[in-house]
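Letter by letter, the chains look like this.
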Amino acid sequence: MWSCITDFFTYETTKSVVVKSWTIGIINRVVQLLIIIYFIGWVFVHEQAYQIRDTAIESSVMTKVKGFGLSNNRVMDVAEYVTPSQGASVFCIITKVITTENQMQGECPESEKKFICTHNDNCTRFLNKAGGNGLPTGRCVPFNNTHNTCEIKGWCPAEIDDVKTSPMMEVENFTIFIKNSIRFPLFNFTKGNFLPTITTQYINTCNFDQENNTYCPIFKVGDVIRYAQQNFTKLAQKGGVIGIKIGWVCDLDKSEDKCSPSYSFTRLDAMSEKNQVSVGYNFRYAKYYKMDNGTDYRTLIKATAIRFDVLVNGNAGKFDMIPTLINMVAAFTSVGVGTVLCDIILLNFLKGAEQYKAKKFEEVHFKVSDTQIKRSISSNGLYRSRERNAVENRSNDSGAFSIGQYG
Amino acid sequence: MWSCITDFFTYETTKSVVVKSWTIGIINRVVQLLIIIYFIGWVFVHEQAYQIRDTAIESSVMTKVKGFGLSNNRVMDVAEYVTPSQGASVFCIITKVITTENQMQGECPESEKKFICTHNDNCTRFLNKAGGNGLPTGRCVPFNNTHNTCEIKGWCPAEIDDVKTSPMMEVENFTIFIKNSIRFPLFNFTKGNFLPTITTQYINTCNFDQENNTYCPIFKVGDVIRYAQQNFTKLAQKGGVIGIKIGWVCDLDKSEDKCSPSYSFTRLDAMSEKNQVSVGYNFRYAKYYKMDNGTDYRTLIKATAIRFDVLVNGNAGKFDMIPTLINMVAAFTSVGVGTVLCDIILLNFLKGAEQYKAKKFEEVHFKVSDTQIKRSISSNGLYRSRERNAVENRSNDSGAFSIGQYG
Amino acid sequence: MWSCITDFFTYETTKSVVVKSWTIGIINRVVQLLIIIYFIGWVFVHEQAYQIRDTAIESSVMTKVKGFGLSNNRVMDVAEYVTPSQGASVFCIITKVITTENQMQGECPESEKKFICTHNDNCTRFLNKAGGNGLPTGRCVPFNNTHNTCEIKGWCPAEIDDVKTSPMMEVENFTIFIKNSIRFPLFNFTKGNFLPTITTQYINTCNFDQENNTYCPIFKVGDVIRYAQQNFTKLAQKGGVIGIKIGWVCDLDKSEDKCSPSYSFTRLDAMSEKNQVSVGYNFRYAKYYKMDNGTDYRTLIKATAIRFDVLVNGNAGKFDMIPTLINMVAAFTSVGVGTVLCDIILLNFLKGAEQYKAKKFEEVHFKVSDTQIKRSISSNGLYRSRERNAVENRSNDSGAFSIGQYG
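Respectively, the protein sequence lines represent chains A, B and C. With numbering that gives the first Met the number 0, you'll find the first sequence wraps up at 406, consecutive numbering, no jumps. With numbering that gives the first Met the number 0, you'll find the second sequence wraps up at 406, consecutive numbering, no jumps. With numbering that gives the first Met the number 0, you'll find the third sequence wraps up at 406, consecutive numbering, no jumps.
No incorrect hints appear here.
Where chains are identical, the list cannot tell them apart; a pair therefore holds if satisfied intra-copy or between any two copies.
Computed list of lysine-lysine pairs in PhoX-like fashion (alpha-carbon distance at most 25 Å, straight line):
| id | residue 1 | residue 2 |
| --- | --- | --- |
| 1 | Lys112 | Lys65 |
| 2 | Lys65 | Lys301 |
| 3 | Lys95 | Lys273 |
| 4 | Lys152 | Lys95 |
| 5 | Lys152 | Lys286 |
| 6 | Lys163 | Lys237 |
| 7 | Lys237 | Lys65 |
| 8 | Lys128 | Lys63 |
| 9 | Lys244 | Lys273 |
| 10 | Lys63 | Lys273 |
| 11 | Lys237 | Lys95 |
| 12 | Lys113 | Lys237 |
| 13 | Lys128 | Lys219 |
| 14 | Lys95 | Lys65 |
| 15 | Lys63 | Lys152 |
| 16 | Lys95 | Lys286 |
| 17 | Lys317 | Lys273 |
| 18 | Lys128 | Lys95 |
Source of the hints: derived by calculation from the structure; they are not laboratory data. These numbers come from a predicted model, not from an experiment.
Could you put the whole structure together from the sequences, leaning on the hints where they help?
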């Protein structure tokens with residue numbers, strides 16, 4: 000019982016061979032130094048492994064667009080060209096509209112060229128097929144004085160969407176105001192993109208640029224598009240999606256002031272640039288009206304727009320005991336990993352490798368069978384019993400060898 | 000000083016015992032092989048641990064629905080049945096509407112059965128309670144020739160929402176066109192779901208299916224619902240939410256062509272199938288009109304809809320030195336972990352365990368006190384001083400033991 | 000060839016020194032115990048490292064608001080005060096409106112004080128600048144009997160947005176009904192926030208609170224705002240963004256019933272509280288009408304609103320062989336890390352450290368040159384050949400030393 004406890008409270012450590020050689024000594028220390036540099040420089044300083052990180056950033060974005068555009072001699076304001084109107088993180092600024100006024104339920108000829116017909120038979124192939132402006136009836140009816148097209152049932156007259164219109168160029172000078180609050184729930188840390196240094200007066204006059212006004216929350220549409228390396232005219236003509244990314248990477252061990260947003264801009268629908276299939280961004284919506292007699296009519300609007308997605312991401316770190324300890328233990332034990340490399344060098348490439356092997360390795364041969372064990376015990380008496388049933392024990396350890404010699 | 004430097008540039012490695020036994024040798028090598036197979040097969044080939052991964056995928060989704068439906072003998076087009084109209088990643092296709100026309104601010108009787116009353120007293124319990132179609136006035140007024148209901152103040156007449164209407168079955172043949180651009184910011188890699196192999200002609204005619212047209216970006220609503228293992232009729236009747244997931248898992252060490260989207264479909268509001276409380280998906284909105292005298296009136300619409308959420312996720316990996324090195328070091332050092340298992344076997348289950356223990360372990364007894372040390376030094380002269388203050392040193396090392404014997 | 004195979008199937012393990020000392024034995028075991036406690040308590044029980052985790056939660060949120068409000072003696076219902084109307088995870092409840100009726104395209108005087116003028120020259124500075132209610136024409140025109148303001152072109156009359164209106168206080172009693180389905184795709188596990196224990200009757204009567212009704216999916220707006228530690232009146236007056244967070248942390252090794260949502264509430268635009276620049280949340284939208292003669296006119300609405308963001312996050316874990324094995328191996332090997340600490344103590348602070356060093360370290364000196372090796376072999380005959388070319392081999396190993404003594 001007592002001996003069990005005694006046996007339990009022992010300490011077992013590896014027996015080490017200390018090689019006093021300049022070559023391998025220097026290699027060893029250099030390798031260890033590299034490992035230490037890796038841990039201090041990369042793991043601790045660069046990756047800040049002594050911190051716990053909160054990546055579950057909570058964010059709220061509010062946006063407000065300002066500016067007036069001229070379209071078909073009408074002045075368009077925010078309530079007209081921004082949709083959806085709620086001022087959320089995703090919004091479209093309409094740059095070009097094709098309006099089809101006074102549409103009513105009824106029958107009318109198609110507007111597109113591919114529906115041109117001379118006889119009802121030309122139109123039957125469109126039955127039960129989508130693609131036009133309504134349900135095909137299968138009849139061929141006059142479109143204008145020159146040609147006939149297939150008839151549809153639906154909202155009439157059909158939209159003529161190949162009208163050439165020029166986009167609203169004033170959009171380039173519109174400003175987008177972004178209010179972004181973030182919170183790191185783990186540290187209960189809250190901040191906004193209006194830094195405390197920003198005054199009301201500054202906000203009323205500033206415009207974001209990447210040199211002097213990196214924290215101004217007001218962005219000119221033209222600037223945003225230029226920073227995303229796009230051409231405004233092309234984009235306004237075809238439509239597209241621009242990402243405004245707000246990055247918050249915060250080291251909460253430092254002063255709160257150092258936790259600042261960084262803005263970057265990118266075109267999100269970059270595919271549209273490469274591929275010629277279905278370029279740009281547009282959508283259709285309608286405004287509904289009623290006549291005095293209760294009949295519905297509507298204005299159909301095909302809007303080409305620039306969509307802005309405000310994307311917020313970030314993470315924050317703060318000193319914490321657990322990751323610090325774990326990484327320090329990892330660093331300490333990793334220093335020993337250098338041994339693997341040094342052993343390979345020492346055992347294979349260095350002069351005296353054989354001699355080193357002799358010191359490092361101690362061989363034990365087992366060719367054990369019950370009968371053998373018994374025989375050996377009886378014949379070798381005291382010595383073998385001390386050797387604890389070792390049969391044919393040969394060892395390269397110099398000490399053990401000398402025994403064989405001197406025994 | 001010089002001896003300090005000499006002492007510093009030494010190399011310390013563990014002294015090893017090499018056991019020449021077939022049994023343990025084979026076990027050892029098999030365990031090492033398993034560890035190597037695990038690292039090569041799982042960590043390097045399967046998990047691609049030699050790559051850095053970018054999981055912060057940037058994505059932009061544009062959608063366009065096509066098709067015409069018939070509802071109450073009216074033809075409905077995209078501008079009418081898709082909401083919100085911006086063609087973003089989340090959109091609803093309305094399958095069924097209950098319209099209440101010509102609502103105006105005023106007082107009128109409730110429409111639901113639970114509000115049937117015979118006397119004002121029946122209605123007082125509804126005061127200050129939500130749940131009906133307006134603010135209760137507490138009066139009991141005639142609803143029609145047969146019965147009275149409690150009166151409300153609000154938009155009148157009250158909506159009758161238990162009308163049985165059949166959903167718009169044409170929705171099954173509507174097509175959803177999805178344009179998805181992604182970007183991995185770490186590698187500045189951009190791609191879209193229109194693969195370069197896709198021609199304009201193919202897009203005009205193709206329909207996604209899971210066998211032959213896995214990269215066609217046009218989806219029939221009926222197919223999507225079937226792939227999500229739902230029944231269209233039920234879904235159109237009650238409404239629901241379908242997820243269209245686009246997964247991008249890219250190995251950027253391979254050709255860019257191998258980085259392709261994979262589409263999968265699932266019902267997101269699966270709870271609705273299990274639970275009978277509040278099934279389906281519907282919402283109310285209104286179209287506002289004005290009379291010549293300036294009075295507002297509206298058409299209230301209760302729409303049952305199928306909502307589609309296009310969810311994009313993905314990550315990309317590319318060869319990088321740092322993770323490769325870290326994982327190779329981890330692999331090399333982990334091979335040594337096999338020793339733990341082999342030691343357990345060797346020390347406990349193998350014949351010759353005792354003998355092996357004798358070779359592996361070398362015991363040192365410390366019962367140190369200053370007086371003891373001094374005494375032992377004085378009595379044992381030269382030998383003990385060479386043993387460097389070891390008192391009662393007994394060792395199981397065979398070499399050391401033999402010394403005791405022969406000394 | 001055969002010897003190669005024999006050499007290959009050997010087993011190499013470290014030679015250990017077992018120190019039988021109470022002090023270091025107890026330190027050793029205590030350190031090992033701490034490491035084991037860390038692994039069992041923190042890694043396995045707390046962090047559940049034996050599970051694979053699915054963090055790619057799929058979620059669908061549907062919301063429905065109920066209640067009636069009074070604004071300017073009109074009853075507002077859901078279709079009027081909730082926007083967007085689709086019942087998605089983000090929605091606004093409008094608390095206050097400033098309406099500007101009968102706006103038409105034309106010219107009219109500005110409404111704000113900063114545009115007051117006496118002469119056209121006062122107005123030229125506004126040309127080509129945004130900020131007002133339309134495009135400045137540069138003329139000074141009478142606003143009312145007392146003063147003139149600069150003229151604009153756009154939607155007229157200009158909005159007067161500094162009217163004091165009181166918010167719709169009934170909002171506090173509105174209820175938000177949230178239906179949330181989640182799915183963990185890795186485990187194909189689906190659940191909803193209507194727990195199976197919830198009956199239809201309970202849902203019709205319950206209201207969420209943080210003590211007794213923690214699973215009721217119906218939330219009073221007033222409660223939500225109070226749980227987010229905000230003041231309703233202030234919030235309704237200025238607008239703001241409230242986050243309703245639903246957390247799903249599920250241990251799928253336990254019963255499915257234990258996987259329940261937890262609700263928490265926070266103000267997302269917390270910055271608005273700190274900073275005085277651009278407080279609150281409001282946006283503008285318009286309702287469009289048409290006169291009999293086809294002229295468009297509209298009602299512009301500036302709405303102050305409380306926006307609710309329903310944010311769903313979560314992860315689920317389930318027992319899996321691979322992480323269990325990896326972490327068990329890590330635990331086993333980490334127990335050995337205690338040796339590092341014990342060695343430091345043993346080698347530096349314990350009595351008998353010198354003696355311990357003597358046992359643990361075996362020194363080998365290499366001063367190898369080809370000539371030296373040859374010389375030493377020739378002069379030392381048998382002994383040196385057995386020592387395998389070791390030149391100037393000195394060792395602190397007690398066994399080896401004794402050889403020197405006795406040889």
